[in-house]
Amino acid sequence: MNMIEALNSAMDVALTRDPAVTIFGQDVGYFGGVFRATDGLQRKHGLTRVFDAPISEGGIVAVAVGMGAYGKRPVVEIQFADYIYPATDQLISEAARMRYRTGGEWWSPITVRSPYGGGIYGGQTHSQSPEGIFTHVAGLKTVIPSNPYDAKGLLIAAIEDDDPVLFFEPKRLYNGPFDGHHDKPVEPWSKHPASEVPEGHYVVPLGKANIVRAGNAVTVLAYGTMVHVALAAAQETGIDAEVIDLRTLMPLDLETITRSVSRTGRCVVVHEATRTCGFGAELAALVQEHCFFDLEAPIERVTGWDTPYPHAFEWEYFPGPKRVGEALRRTVEA
Amino acid sequence: MNMIEALNSAMDVALTRDPAVTIFGQDVGYFGGVFRATDGLQRKHGLTRVFDAPISEGGIVAVAVGMGAYGKRPVVEIQFADYIYPATDQLISEAARMRYRTGGEWWSPITVRSPYGGGIYGGQTHSQSPEGIFTHVAGLKTVIPSNPYDAKGLLIAAIEDDDPVLFFEPKRLYNGPFDGHHDKPVEPWSKHPASEVPEGHYVVPLGKANIVRAGNAVTVLAYGTMVHVALAAAQETGIDAEVIDLRTLMPLDLETITRSVSRTGRCVVVHEATRTCGFGAELAALVQEHCFFDLEAPIERVTGWDTPYPHAFEWEYFPGPKRVGEALRRTVEA
Amino acid sequence: MLKNSSRLHIPEPGCRPGETPDMSHITVPPAGEVRRPAEDVDPAEIRDLAWALIRVLDDGGNPVGDWNPGLSADALEKGLRAMMLTRAYDARMVRVQRQGKTSFYMKSTGEEAVAVAAALALEYGDMCFPTYRQQGLLVARDWPLVDMMNQVYSNSRDRLKGRQMPVFYSSREAGFFSISGNLGTQYSQAVGWAMASAADSDSRIAAAWIGEGATAEGDFHHALTFASVYQAPVVLNIVNNQWAISSFSGIAGGERTTFASRGLGYGIPSLRVDGNDFLAVYAVTRWAANRARSGLGPTVIELFTYRAEGHSTSDDPSKYRPGTEAAVWPLGDPIERLKAHMIGAGLWSEDQHAALERELEEVVRAAGKESESYGTLKEGARIPASTMFDDVYKEMPPHLVEQRKQAGL
Amino acid sequence: MLKNSSRLHIPEPGCRPGETPDMSHITVPPAGEVRRPAEDVDPAEIRDLAWALIRVLDDGGNPVGDWNPGLSADALEKGLRAMMLTRAYDARMVRVQRQGKTSFYMKSTGEEAVAVAAALALEYGDMCFPTYRQQGLLVARDWPLVDMMNQVYSNSRDRLKGRQMPVFYSSREAGFFSISGNLGTQYSQAVGWAMASAADSDSRIAAAWIGEGATAEGDFHHALTFASVYQAPVVLNIVNNQWAISSFSGIAGGERTTFASRGLGYGIPSLRVDGNDFLAVYAVTRWAANRARSGLGPTVIELFTYRAEGHSTSDDPSKYRPGTEAAVWPLGDPIERLKAHMIGAGLWSEDQHAALERELEEVVRAAGKESESYGTLKEGARIPASTMFDDVYKEMPPHLVEQRKQAGL
Ligand SMILES: Cc1ncc(C[n+]2csc(CCOP(=O)(O)OP(=O)(O)O)c2C)c(N)n1
Ligand SMILES: Cc1ncc(C[n+]2csc(CCOP(=O)(O)OP(=O)(O)O)c2C)c(N)n1
Ligand SMILES: [Mg+2]
Ligand SMILES: [Mg+2]
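Residue numbers (our numbering), protein chains in the order written: chain A, 820 to 1153; chain B, 820 to 1153; chain C, 39 to 447; chain D, 39 to 447.
Wrong hints could be hidden among the right ones.
No farther apart than 25 Å at their CA atoms in a straight line, the calculated lysine-lysine pairs in the BS3-like style are these [to be verified]:
(1) B:1027 <-> D:432
(2) C:443 <-> A:1027
(3) D:443 <-> B:1027
(4) B:863 <-> C:357
(5) A:863 <-> D:416
(6) D:443 <-> D:432
(7) A:1027 <-> C:432
(8) D:357 <-> A:1141
(9) A:1003 <-> D:416
No wet-lab data here; the hints were simulated from the structure.
Based on the provided sequences and hints, a complete structural model is requested.
As structure tokens, then:
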């Protein structure tokens, strides 16, 4: 399966197993979503399980919160992560704090799926990576898969989770394991082992990172598209990097991270979001807090620049394998 | 002047000097604001310069953006920072990117004032410190004063600035330089030198930090209320801390920070916001990036916990002088 | 070029402190005048009701017209009692706040019918999404005062574990949804709850309340949009008490039309009702609830009332409106009006009323004593501070375990 | 317990791919039927117009009724030309997108009157806050096609410096506000602009457009609320082209009432107009603009039209609606209808039309050639990449200077 098929399969499994699962969002019903992630689900599971929603992200999340309070398990799609902001208040003030403010009497078992990240000439409003805004919010979980197998297992885990989960899907990975070489033809998922996705139910647990490449020279912390970029950079520089795919940003698998950095003594953090106050800042802060006396070089961050995502210059903006490779080199040589 | 008077004076000066300045927000007109920051301004400057707005933070900021495009210089109040979220989309997608997306053809010379921070038994919805969400957004500036003199000078600078500025006012400081000792009587501003505030126009430039206490043992990075808490902690522990009041979070005065930390070799970051992905993460990441080889101890963060702000336990939540003092001790002893 | 003769219009209330209060712009149509349409009426046929004012009790306390719900003596007494108990409860809680036993309080004085009559017109299982000013729902549903007080005191028995500001109650059992500090958010959540109920063909409906001031939030629009699109079984109440802290209703759009009329643009039947007329509020709520329950979707109800006291204990209304404004407010007091009706109908007497007043004061005093024995905000027992790390997530993630340790709790 | 006979209602369009298209639910009232109220009419007196359909051109192309704006031959030709030029421009840009010369494009085919007639009814200084589908405003205001194309190509002459997706134009000079990717945000901004204009007693007014789908965003409600409260001089257009990508208008609330009626709940005069009738759109816009300019505040206008093609070049409408739906759409094509009117009035001929078509194609081709000489998205000249660090702030802060260095730019 490619990533879209894997996500589709996850929702199909969830709809089949749990009658409380309800999916809605803009264009997700008859049409099956602008990226086709919900293709066929309305036909199979019925109009009231999978349906179109008005263009009102704030309303969509509010309605999900209300349905969650009733006992449903809503899975909503925000068409692009760039359009999640009208829902900020319902996410931060409501979903995130419902369990806390009611002493556990109510909660928000909702999943908010959203395609995110750049690389499709989407300009400033179809390319953003807003995860760092939401990882700051106590009560929210944030998950970002990097391949079809994880995507399905993590999405099922997110749907089954009783806390609100933001599930950001790197849209540049929908059709293949894009490694940042935008000028080369895209390899399809079918050639990648993680495209072997079981048809049925399984979960990839939230909060567990994955070491996708073992190494000794430096630890690279990445998620989503950047996992593939980091692997490419390691390969191309020949640096023996340990590449960790975080998979879940909150809760974070800090143990896997610190175990690795304590051993390698060096760390590079990679993400596509703007740098300042991005999730990489938290990673750098944590790593130096926990591994200070093992660190042999400053922790570098390779990220999107602190500008909006420019339409014509997205490849100058995107932190590709060249930039990651240079950071690896600087870090191992420091 | 106390802080409220200083803010009021700043707006009075701005209204008087520039006919484009327009102030609106909930209850800011006839009544003068729930914290009385705009008291008397409508009477003095007229109904169309200072007026009440509907309870619609998204509408308030949108209207400010539109007025800014026309040529006005709007200063809006969000009654509590906790209520800024309905305006997130207009701030992030619109105000922040207007200059960029139009190639400089339009911009948003707006100032968003908002009381923020805890310590008044406000519970989870009248105590938040959301600055870390907005410092992640390219195109926004964020300013947080710690005393009346700075408050006036920074607010005038913010209003005169042609970029959108978030101006968070530590509401616990409105009436006095609160140092975290909530059980002691509050000292009024009148006893503090920074309460000597000129009547007329002056600016405290954005982007310049202030070393409020010189020291050699450790650098403390703080802003808002935490400046006073840090000073108390230094005094009470007897540790020779250099306390830097950042004043402007974005753009950040990195030079003052790195100069200090390179000298002290130790750094403690303090803020009231939740820890994960808070502004302290960025500070820690930057300091280790720039001062790695001078650092003798891990950079510690003393912050609000990663929970909502609880009504009855706000003093267990608040990072007071005891917690800051302990961090100072650990850091100088590491 | 054409001259723009427009000026920026800034709405202003009729009078300010020091001026003679004036509510002569409010026209009060006679009771009984407005027709009661069949519950399955086509919304397009009753648009005029959004600009009417449904009233049952006339000036003499007699119930008149189609909307008279014909309540039993028992039901009337239950309503009267719940309104009076709410008022007595409010009075005590403001007193204890003034004594420093808690941080904050908000009364519903003068608006008790809005919540109490609705609670009695709804079924117990119907789910309420209130604002902070509908404590009358809990009282009318016989929820223990002691439990409410425990919340106000953030004491050792506070089910919300000291986390919420006073009056931000939550009771799943009583169908009273958690109060949010963020205005308006509950309104669209209610629609989601109702959609879920409809999807399950559940007999329960939802009801939501919002202040006229907060109708300006986007959530209000989201609620009406989703309710209309999916025909959610929900009663959408707008409590127009004419003030939002210091801003009169004109700042929310009240100068040009009624708040009920907001519903028309979504094709939702919209009624405007005398919010201080217990019988009218009951009847209208029942009409809307029946519609919802029988699959006819949402109804918008504007409850026209008046915030007789300050916004909260943090507020001083004499700073922005004449202190005597309440005296000229033409729709009176909901308790007085129901009392007059019951006396007129021979179901009640001044003596009974005085006795009930004394009884309820005692009920409140006893509840207060009990609750205070579990602690108040700054004194006595409280929940262990370590609990502040609970319930952020269902299971505590490692970083919070670590932070709890750092906090020494 | 009562049984809830409600089911969750999920709106569905009349027909789907493979089915016979059917628009028989659309009733088309005869042209000329709707009265034209005085411009200073009390909004409460014209509520019915929110459910009417203002039409001037009858089936024979004759202008009838009060709303006939009586335009000069020159004005008609200007309108026809701008609509035809817009269509020719759209056609070319889709072609170049298909050739890979840019990333994306959006046509306004079938909706040209919405933008063009409004542009001609407004004064040039009036400020427009459009969506991505009102390129006709720029064309009608004689903005150079080359400049528009430069933006679409993100080439070396793109004034937006390659930052925006194609069609997200901005022209301060032409009073065309920057297009946002985020739907709806411009609507409430327009109200702010209009408020500022009113505060200065400036003669210029604002006009805003929103798709019927995007009316569900909170910004729509904010816009109407603020416009009503402060009586902002703004024309609030709702372009109901019946589709929002794959969702029919029922998903936005269109099953139960008109979009124009949304305005009534704010006390704003609200008109519904045949959006494919150039004369009607012109007349209604003029009416609203005159009201605004003379201090009578906002107007809501629903323009009933049909999105004749796909949502964008990324869309395939055959996946969700019958390909032949356009053929049964009863309000026809705005260019054809204006052409028929002009021929009928003896002002135009088939020959002139064909000649103009050829001329405009040439105009577009020439502009295209010029623009392409300044580069296309992936080939030829472009702005230096280092500019991507400019304009984030007025002055570049140190961290961006540093990042630009790190980028090697
Ligand atoms: C989103 C948001 N903005 C602002 C506030 C501050 N605030 C609290 S109550 C209030 C007035 C509400 O007025 P209304 O909706 O009329 O309700 P009422 O108090 O009259 O019952 C305001 C502005 C808030 N709580 N939430
Ligand atoms: C806030 C936001 N949500 C979602 C989208 C994705 N989106 C782009 S266009 C569109 C449909 C808009 O439909 P409508 O408002 O009717 O305008 P039309 O395309 O018909 O002109 C959607 C959902 C967006 N751009 N912004
Ligand atoms: Mg009110
Ligand atoms: Mg549309």
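Now for the hints, and whether the structure bears them out:
no.	hint	result
1	B:1027 <-> D:432	17 Å, holds
2	C:443 <-> A:1027	22 Å, holds
3	D:443 <-> B:1027	22 Å, holds
4	B:863 <-> C:357	17 Å, holds
5	A:863 <-> D:416	42 Å, violated
6	D:443 <-> D:432	19 Å, holds
7	A:1027 <-> C:432	17 Å, holds
8	D:357 <-> A:1141	40 Å, violated
9	A:1003 <-> D:416	15 Å, holds
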